[in-house]
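Peer 1: For reference, the chains in residue letters:
Protein chains: 4
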Amino acid sequence: MKIGILTSGGDCPGLNAVIRGAVLTGDRHFEDEFVGYRDGWRGVIENDLVPIPRRRVRGIGRQGGTILGTSRANPFHDGQDGAAIVRRAMEAEEVDALIAIGGDGTLYTANRLFEAGIPVVGVPKTVDNDLDATDYTFGFHTAVEIATESLDRLRMTGDSHHRCMVAEVMGRSVGWIALHSGMAAGAHVICIPEFPLSLDEICAHVQSAWDRRRAPLVVVAEGFQPRDAPAGLMDYELDEFGRPRFGGIAQALAPLIEQRLGIESRATVLGHIQRGGEPTAYDRVLATRFGMAVMDLVHSRRYGRMVSLRGTDIVDVPLTEAIDNPKAVPASRWDEARALFG
Amino acid sequence: MKIGILTSGGDCPGLNAVIRGAVLTGDRHFEDEFVGYRDGWRGVIENDLVPIPRRRVRGIGRQGGTILGTSRANPFHDGQDGAAIVRRAMEAEEVDALIAIGGDGTLYTANRLFEAGIPVVGVPKTVDNDLDATDYTFGFHTAVEIATESLDRLRMTGDSHHRCMVAEVMGRSVGWIALHSGMAAGAHVICIPEFPLSLDEICAHVQSAWDRRRAPLVVVAEGFQPRDAPAGLMDYELDEFGRPRFGGIAQALAPLIEQRLGIESRATVLGHIQRGGEPTAYDRVLATRFGMAVMDLVHSRRYGRMVSLRGTDIVDVPLTEAIDNPKAVPASRWDEARALFG
Amino acid sequence: MKIGILTSGGDCPGLNAVIRGAVLTGDRHFEDEFVGYRDGWRGVIENDLVPIPRRRVRGIGRQGGTILGTSRANPFHDGQDGAAIVRRAMEAEEVDALIAIGGDGTLYTANRLFEAGIPVVGVPKTVDNDLDATDYTFGFHTAVEIATESLDRLRMTGDSHHRCMVAEVMGRSVGWIALHSGMAAGAHVICIPEFPLSLDEICAHVQSAWDRRRAPLVVVAEGFQPRDAPAGLMDYELDEFGRPRFGGIAQALAPLIEQRLGIESRATVLGHIQRGGEPTAYDRVLATRFGMAVMDLVHSRRYGRMVSLRGTDIVDVPLTEAIDNPKAVPASRWDEARALFG
Amino acid sequence: MKIGILTSGGDCPGLNAVIRGAVLTGDRHFEDEFVGYRDGWRGVIENDLVPIPRRRVRGIGRQGGTILGTSRANPFHDGQDGAAIVRRAMEAEEVDALIAIGGDGTLYTANRLFEAGIPVVGVPKTVDNDLDATDYTFGFHTAVEIATESLDRLRMTGDSHHRCMVAEVMGRSVGWIALHSGMAAGAHVICIPEFPLSLDEICAHVQSAWDRRRAPLVVVAEGFQPRDAPAGLMDYELDEFGRPRFGGIAQALAPLIEQRLGIESRATVLGHIQRGGEPTAYDRVLATRFGMAVMDLVHSRRYGRMVSLRGTDIVDVPLTEAIDNPKAVPASRWDEARALFG
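Chains as they are written, first to last, in full-length UniProt numbering: chain V, 1 to 342; chain B, 1 to 342; chain R, 1 to 342; chain S, 1 to 342.
With the rest of the complex left out, here is chain V:
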């Protein structure tokens, strides 16, 4: 078969390992031919693609990012007939099936295409771990490792200066990275969108750590807002130079903590370094297994489905599962984490 691969949405450590796993499997066991669409759906829409011979995937399993590039393009954009666009593109290059690697948006698009009769399968990608359709996916643990390593460093400098360090990690709508990296680094309070603490609660935990002669470490997910945030606190509008009014929630929390408690506080926004790293071995193995397993879906014509991790097994589920079930931090995990606060 001739198979088209695309990576779409935010990049994520492990994308290249998926591509490698799929291409090696197809090359060796099915004599498949692979093409890669550049920058996700944009490449499909504009018929911008490159062949992916086996030699091209040599050694990419450990590389971060994606060799195919990515974008947030979408064939259904502006009410266009995305299915027709994609079908035309596939026919033009005689592509028999598509492998779409991406998050809920990408998989939603893939499912619409599938419902329109296009042979497409999916590989779930979310650095935030917000897909309930799989226990974990590649990239999340790498991001947690990078965040934890940074938190360890912040704690050391915080201890030396007797400062409260406020660190902002990724997570617009879910707090998984904050929860895991915060637990790993022994944070004194973790702020996640699912269970918004109040400023009073945050300060109480900070004070309690301080009273035990600890330099308080506060980990906050970028999407967090304090339950009792003063009006305008989260005001992000740009100034005349196009600069954000401030760098993020961490930069809002640090001065508030300092004002309330009189404890010198510093903010750090980890930002893009969390998603750019080489994948950890855990993520390389998972991504490789996903890439290999998705080829079974293709060759058994189980279109409209995606690979998924359950326990230690790779299984497959309908693409719709990726869309219907966002995965927020459950109360049980939150209670577990908060039991260590302060």
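No lab work stands behind these hints, which were simulated from the structure alone.
The structure displayed is predicted, hence computed values, not measured ones.
There may be inaccurate statements among the hints.
What the simulated footprint calls covered on chain V by chain B, stretch by stretch (three residues with Cβ under 8 Å from a Cβ of chain B suffice, anywhere in the stretch; the number is not a length) [as the list claims (entries may be wrong)]: (1) 21–31; (2) 272–286; (3) 308–316.
Coverage of chain S stretches by chain R, computed from C-beta distances (three or more under 8 Å per stretch; other residues unrestricted) [as the list claims (entries may be wrong)]: (4) 20–28; (5) 58–66; (6) 137–146; (7) 175–184; (8) 279–288; (9) 303–312.
Glycine residues also receive a C-beta, built at the ideal position from the N, C-alpha and C atoms.
Use these hints to put chains B, R and S onto chain V, whose structure you have.
Peer 2: Below, chains B, R and S without anything else, positioned relative to chain V:
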């Protein structure tokens, strides 16, 4: 309650995070008092113990090794009445319950004690991942990360010198570390005890990589033996200086590959660096959760049981499960891995 | 002798290795006794100190931060008679000599004390590498490693998204960290305070990289300002929530680049993670050597001097040298670096 | 000009950064054309070369190993007229000048060619740091970082098991890597070829650490032999399977220490992982500067010379300096290091 903790058997990254998780939970939520037995069962037998106040566990979650020390001592050694010994020791210090952190041997001992009426619970520890009673336990992924990082380095020097690099990783009876690190590093052949390849098969994969202008990377578990090993190949006896006759299976394979194929080959035995590292964030989180969960077992008097990871949940199972079910690499994972060989 | 040690100013990876080197040397070869003043000069002023027995320095050589704590306190603050304060404090505890570990401010204070007859020696500390009195000091190379690792990650995600990544590193008055980490990571333009580029020049380099299908990587020292910065660009005043108006120069540059060139740009401010890490081996060795060498100064009564690295040798120079000669990036190094831009 | 580059001898982190620095400089400032000889002098002898366009060096600065490959071939091998061979090869491809990147052997060969009238310049490479002609060269600090990281891990597992850990690092004739990594990791004894300790001395330091309740850490350079080694101890002959009789000096020392002191001891041979890593930022910067500076030698026709680091400056010296002056660990550095033993 007054609770005794011990770490027994080979050390493993994450032991300290378990101790920290247990002590913080007991201290905050149950007003428990903790003592640590030095060097596993030896400390119990010799009544050698230290208090573990909350401040003692500060910041140990990221430390490798174990603050309590470990050994391979066993109260039932030489047919002694281990239960009586342990009971006496516990009574002498008014210890109400024991938390035994260790591998199958330790958990077997714990279960014998439980059957003799001693209030003991367990936390599974195996850097080799050979316990079927849990999906994973702490330490394994750290060892895989360290091994993979080393394999990445060996591959770079192998490529520059056009050499076949043979790397030996941990795994006396199971090949999990070899399987995961080998897949992560893109090894051309992985040798594990569960599915012993022959020298011919190994050489065939090495040659095939070589023919594609790759520097072959061979990952071998320490317990592997080629199916058709010449007599005496695995001969380990010590010489007059107490030196092992050779450093391990990798040092046996490398020259054989070089002799058969004429490809310059080098052996590296990763050894103890795999178990000594700081735990990864993954292992810190898992170990912390184990430490917290085992306190629920203690306080709900669910003795004779141990904590376990199933999917993303911490559950508990009888200690006997740890003993009855060693976890070897299954055929499905082996077929998956070998599909990428050569 | 009874020797007092203090660490003052911003923390820096390697401070603990200096303390360890000094204490081990004094303990073994001179039977010295050590006390540590808490939080730099504050501990001296308030007579807040702790004994540092040999066992206290065990294993601290690899720890970041400082076990003694640090602050920006200064005995001459508010025109006080700092010499009298320090002399009284030393007499009260029968401290024979002081080892002051710090940057130009600390060493300036140490020199004033020396001129007033106080037996004090110095160890230069500057994560920014802005002291001409020594080739390098500990902490700088660690900060460069951490920054470079982050830049490598930013480059990977930049490549995947075809974005211009703007990364801000430490360096208020000098650009050494930006220069070294930028060269190491292969940045397309490096912005340092010593040779302020204009926005036009920055954009020209970004465009030139873009035209060669590279994701532009811009490294900027926190103290940099474009030669032709529009009025108000660097406006840092706080808003009503005590938030800085923006997070730093990187957050000012990114939108300007995006506006001018139409290339999507993202800013990352590395911040405190650069100074909090475990020291690299290079810095551990240098710091240990400094700690050992400063004991020779003490026991040979060469007060008023500090240790220094020249080539591969540890030498000593007057404290005044640390004050009189800030070390900016020279034109030769700037020309060398810029030759790789664009 | 048309310039040929070759990398010869053992690989070393930073080789690719040298190539990148040279090619970018030549491409931008001199419109040079570059060719790379494959596998060092072998490529010259067999006229096996590849063009190195600018795009080929993209992103290689952080890659370990060498994109050109390396070997120990030598044009003067077997008394051949190496100069004639090289001249012919250069003329055949109209190569105007050679850049030889390698250790003392390579630079010796380069000098013989220069004396025969061939336009060649050199870049010193030695992971062992055994060239007196330069303060340091790239690769050494990377190897020290990797070794130190491993030693940190060995110390953690040693502490948990109360074992003496014996670690063998690179260094056949000089002990620089052992000296630096041992000091960085806080080893209790360091064994280097320049100042051979006796088994008694080694055991005395091990015992002294043990008596202070430390797990002794012994770092030994591969070329070390105890002053009083029993006859046959260092016997390396191969057995009938082509296996070395033992894995190295560490595997000889560990059992001897265990026999003499009754302290359980374990050996680890770090081996090739020390040379295969990605270069540290320090080595990337130094290698890049060397690559840029060597182009000045070429274009100013200062043939027969090589680049060198003195303090923080890149200078140039005659190739002969690399040959005449091996750099052993001097007594001053040895005394400094041993002052921390035991």
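Peer 1: Against chain B, does the segment 272–286 of chain V show at least 3 residues with beta-carbon separation below 8 Å?
Peer 2: Three-residue rule met by the segment 272–286 of chain V, so holds; n is 5.
Peer 1: Under 8 Å between beta-carbons, do enough residues of the segment 303–312 of chain S, three at least, approach chain R for the coverage claim to hold?
Peer 2: The restraint on the segment 303–312 of chain S holds, since 3 of its residues have a Cβ under 8 Å from chain R and three suffice.
Peer 1: Can the segment 58–66 of chain S be counted as covered by chain R under the rule of three residues or more with Cβ-Cβ separation shorter than 8 Å?
Peer 2: With 4 residues close enough to chain R, the hint holds.
Peer 1: Does the segment 21–31 of chain V contain three or more residues whose Cβ lies closer than 8 Å to a Cβ of chain B?
Peer 2: Answer holds; 5 residues pass the 8 Å Cβ test.
Peer 1: State whether the coverage of the segment 279–288 of chain S by chain R holds or is violated, taking the criterion as 3 or more residues with Cβ-Cβ distances under 8 Å.
Peer 2: Coverage by chain R holds here, the residue count being 6 at a Cβ distance below 8 Å.
Peer 1: Given that the segment 137–146 of chain S was listed as covered by chain R, double-check it with a C-beta distance under 8 Å for 3 or more residues.
Peer 2: holds (count 3)
Peer 1: Residue count check for the segment 175–184 of chain S against chain R: does it reach three with CB-CB under 8 Å?
Peer 2: Our answer is that it holds, as 4 residues pass the Cβ test (under 8 Å) against chain R, meeting three.
Peer 1: For the segment 20–28 of chain S, count the residues whose Cβ lies under 8 Å from any Cβ of chain R; is that count three or more?
Peer 2: holds (count 5)
Peer 1: Are there at least three residues in the segment 308–316 of chain V whose beta carbon sits under 8 Å from a beta carbon of chain B?
Peer 2: Contact hint for the segment 308–316 of chain V vs chain B: holds, 3 residues under 8 Å.
Hint compliance for this structure: no hint is broken.
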